[in-house]
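For the protein sequence lines, the chains are A and B, in the order given. Per the working numbering, numbering through the first sequence is continuous, rising by one, with the last residue being 407. Per the working numbering, numbering through the second sequence is continuous, rising by one, with the last residue being 814.
In short, the hints are calculated from the structure, not lab data. There could be a bad hint or two in this list.
Restraint ranges, calculated between C-beta atoms of paired labels, are given here [said to hold, decoys possible]:
#  : chain 1 : residue 1 : chain 2 : residue 2 : range
1  : B       : Glu753    : A       : Lys292    : 46 to 52 angstroms
2  : B       : Asp744    : A       : Glu208    : 32 to 38 angstroms
3  : B       : Leu464    : A       : Met88     : 51 to 57 angstroms
4  : A       : Ala22     : B       : Thr763    : 34 to 40 angstroms
5  : A       : Lys367    : B       : Met495    : 31 to 37 angstroms
6  : A       : Ala22     : B       : Glu753    : 51 to 57 angstroms
7  : A       : Ala22     : B       : Gln619    : 29 to 35 angstroms
8  : A       : Asn27     : B       : Tyr432    : 33 to 39 angstroms
9  : B       : Thr763    : A       : Gln3      : 43 to 49 angstroms
10 : B       : Gly790    : A       : Ala22     : 42 to 48 angstroms
Since the structure is predicted, the reported quantities are computational estimates derived from the model, not experimental observations. Beta carbons are placed, not taken as given, at the ideal position from N, Cα and C, and that holds for glycine.
Number of protein chains: 2
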Amino acid sequence: MKQIPGGVTAAKGFMAAGVEAAIKYQNRKDMALVASTVPCKVAGTFTTNVVKAAPVLWDKNVVETSPFAQAIVVNSGVANACTGKQGMDICEEEAKCAGKLLGIPAEAVLVASTGVIGMQLPMDRITAGIEKLVAAKADTLEAGLEAAKAIMTTDTVHKEIAMEVEIGGKTVTIGGMCKGSGMIHPNMCTMLGFVTTDLAIEKNLLQEALSQIVKDTFNMITVDGDTSTNDSLLVMANGLAGNDMITEKGENYQIFVDALYYICEFLAKKMAADGEGATKLFEAKVVNAKSKEDARTLSRAIVASNLSKAAIYGCDANFGRFLCAMGYSGAQFDQNDVELFFESKEGRLQVFDKGTPIVFDEELAVKIMKADEVTIFVDMHEGSESATAWGCDLTYDYVKINADYRS
Amino acid sequence: MKQIPGGVTAAKGFMAAGVEAAIKYQNRKDMALVASTVPCKVAGTFTTNVVKAAPVLWDKNVVETSPFAQAIVVNSGVANACTGKQGMDICEEEAKCAGKLLGIPAEAVLVASTGVIGMQLPMDRITAGIEKLVAAKADTLEAGLEAAKAIMTTDTVHKEIAMEVEIGGKTVTIGGMCKGSGMIHPNMCTMLGFVTTDLAIEKNLLQEALSQIVKDTFNMITVDGDTSTNDSLLVMANGLAGNDMITEKGENYQIFVDALYYICEFLAKKMAADGEGATKLFEAKVVNAKSKEDARTLSRAIVASNLSKAAIYGCDANFGRFLCAMGYSGAQFDQNDVELFFESKEGRLQVFDKGTPIVFDEELAVKIMKADEVTIFVDMHEGSESATAWGCDLTYDYVKINADYRS
Chain A
1 MKQIPGGVTA AKGFMAAGVE AAIKYQNRKD MALVASTVPC KVAGTFTTNV VKAAPVLWDK
61 NVVETSPFAQ AIVVNSGVAN ACTGKQGMDI CEEEAKCAGK LLGIPAEAVL VASTGVIGMQ
121 LPMDRITAGI EKLVAAKADT LEAGLEAAKA IMTTDTVHKE IAMEVEIGGK TVTIGGMCKG
181 SGMIHPNMCT MLGFVTTDLA IEKNLLQEAL SQIVKDTFNM ITVDGDTSTN DSLLVMANGL
241 AGNDMITEKG ENYQIFVDAL YYICEFLAKK MAADGEGATK LFEAKVVNAK SKEDARTLSR
301 AIVASNLSKA AIYGCDANFG RFLCAMGYSG AQFDQNDVEL FFESKEGRLQ VFDKGTPIVF
361 DEELAVKIMK ADEVTIFVDM HEGSESATAW GCDLTYDYVK INADYRS
Chain B
408 MKQIPGGVTA AKGFMAAGVE AAIKYQNRKD MALVASTVPC KVAGTFTTNV VKAAPVLWDK
468 NVVETSPFAQ AIVVNSGVAN ACTGKQGMDI CEEEAKCAGK LLGIPAEAVL VASTGVIGMQ
528 LPMDRITAGI EKLVAAKADT LEAGLEAAKA IMTTDTVHKE IAMEVEIGGK TVTIGGMCKG
588 SGMIHPNMCT MLGFVTTDLA IEKNLLQEAL SQIVKDTFNM ITVDGDTSTN DSLLVMANGL
648 AGNDMITEKG ENYQIFVDAL YYICEFLAKK MAADGEGATK LFEAKVVNAK SKEDARTLSR
708 AIVASNLSKA AIYGCDANFG RFLCAMGYSG AQFDQNDVEL FFESKEGRLQ VFDKGTPIVF
768 DEELAVKIMK ADEVTIFVDM HEGSESATAW GCDLTYDYVK INADYRS
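The shape of chain A in the complex, shown without the other chains (with noise of 0.2 angstroms):
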């Protein structure tokens, strides 16, 4: 398994493009398109906010229903969320105006949105965005740029990654991208991803590895706690690496899983780092829990608590703000086996020891919660079971993009 440049247009038979298209901002491209050259299975995993935006049924049909998908066609600016009928509409209109385009059933078609909630698609604007995305498709790393760019909100970098590995004697490339920086809370995937590849594998078994890895990359992730109402993440695989078709779990699958997992734990990182004003990565390592998913809840507790994340801006070692998100978490435990540290490149520091304070070197602390990556090590001392879990600290600059989102 190596990692190679580009995205979504790594893997063979995969063109992509980002347009402008003026759907709520000026300048700045906004549309995206990612199409393969031949029909590809598809898997999905969706948000469970009971108000799911209409982009997002649109896609569950389709990963349900429909033989094949072929397209996905993202606008950032409008989700397309709390619209209704009219709602639903523009996603069906949508998929009818990229299918007629590209030659493609409308059924094959996947939409997404992303951008603010309770705001009708402006549809003249998506069909000429449309027309433009159609023509300037193309199979180069720089187009899987440009959309990795249009799908962009709030996010400060773009995210992307591609991946080869080697599978029954031939070379299987994967690449994704995602979007994703506010409303980020672990609840099935929680951002836009779409991730490209041209294995043959059966669509029963992509859907499993998807929904698998998702537990433990896109799910142990939090910005701000807010599950939105448009998270969804898309896997398409067209078939074209030529490899035998994976039909069951085996050696060849668990080499995909692996490559799948890497992709989706690298996105996911990079959609937690570069959280709504974020400052650093901040990671929670739980291991030795009862059960892995007390490890899960644990380890998301304590990313997800606005004090541990401000404590984590301001190189704050007020470690008991940790173990306060653990107590009500939900997971049961006694604080009398816990050990808690400090972790970064700048050192290791144990400050909890077996329900008690360690009195501890507060510079080395300081210098500890410096890096741009801080991992609160969790060691419970009650099983085997592991997890960890990634966010972001709490700034000033969460506030002020998130007071004024829509002007």
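Starting from the structure of chain A, add chain B where the hints point.
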């Protein structure tokens, strides 16, 4: 039922004091005492956090097993949480010290602490503080005020109230004080709160009244989603009003419950409005929900959302964030039934109508949101149950206060 001046010393037979003990900070009152001249029935509700502070464990035991209680000793600055066996020993020493000086059993002394987690209390200064408190105690309204000020941490205002009701021909007084500004989230009571009354009532009825009332008052506020390790709400009833002992639910019980409810709601709203860094009170009213629990869940989710709180701060009528928060709250509903309004003393504005966004007057929206108390009113059209939750806006100052709380 009428409001009268004062707080915990308003009821007959209650004394209080607030003194400087230099527990953590210099030159501010940081220890308080509330004491009754005669033994009291006592009821309490405590944090649901698994990591319970030592004073919470001590008080739970007193409330559940002690025949009576007669005094409460409180300190701010250090929370005595995550402090192991030493922390428990300190509670016992504290109770013994106060008991000896007051001439009551240690088991009749409740203790409460608020402040930094993971730090041991300085027992010598606690002892000196108790000596000063016992010497200073008085039954004046000023003494109650001093106690209310001494329990503050990041609070910007002290919080007290007193009510008078007539029960069985006797005047009964109920007074309360509380502190709470950060680490506030609805899960049992979420702060330190102390209520005193001269009512004569059986202990089990006192506990039942309190447990019922916190569900719709203290448990319906949130500042930052962090449920503290120390939350405690204690009520002491000394019987000096001379009413016939309340031994069953009936008219007299209901008069007391109504007054206690008023006090708890008043104090809870005061805490929400004084949330760390807050500039305004943020209220969510959910009506016509399928069940009471749904109504509570939905209204709390709205006021707990960081994105909603930032929009309230920025006077941005970004109503999608409120719907989004309702959607991930855990309650099931159909967005096509929902109506959403912004309300304040400046007016009322509908922004969402059963699945469809309404094009609204942005200027009026800003005017409404600029008020110092803003309400999101949601009609679910799914049943007949209602609930109200209170929070505050998320501001730069919240981050500032919490990025370096310990220094």
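Evaluated hints:
1. Judged by the Cβ atoms, the range 46 to 52 angstroms given for B/Glu753 and A/Lys292 holds: they are separated by roughly 51 angstroms.
2. At about 35 angstroms, the CB distance of B/Asp744 to A/Glu208 agrees with the hint of 32 to 38 angstroms.
3. The hinted range of 51 to 57 angstroms is satisfied by B/Leu464 and A/Met88, whose Cβ atoms lie roughly 54 angstroms apart.
4. Checked against the hint of 34 to 40 angstroms, the C-beta distance between A/Ala22 and B/Thr763 comes to roughly 24 angstroms, which is inconsistent with it.
5. Distance hint for A/Lys367 and B/Met495: a CB-CB separation of about 34 angstroms, consistent with the stated range 31 to 37 angstroms.
6. Take A/Ala22 and B/Glu753: their Cβ atoms lie about 34 angstroms apart, and the range 51 to 57 angstroms is violated.
7. Taken as a hint, the range 29 to 35 angstroms is violated for the pair A/Ala22 and B/Gln619, whose Cβ atoms sit roughly 56 angstroms apart.
8. Checking the proposed 33 to 39 angstroms range against A/Asn27 and B/Tyr432 shows it is violated: the Cβ atoms sit about 52 angstroms from each other.
9. The hint said 43 to 49 angstroms for the Cβ distance between B/Thr763 and A/Gln3, and at roughly 46 angstroms that hint holds.
10. The supplied range of 42 to 48 angstroms is met by B/Gly790 and A/Ala22, whose beta-carbon atoms lie about 43 angstroms from each other.
In summary, the numbered hints that this structure violates are 4, 6, 7, 8.
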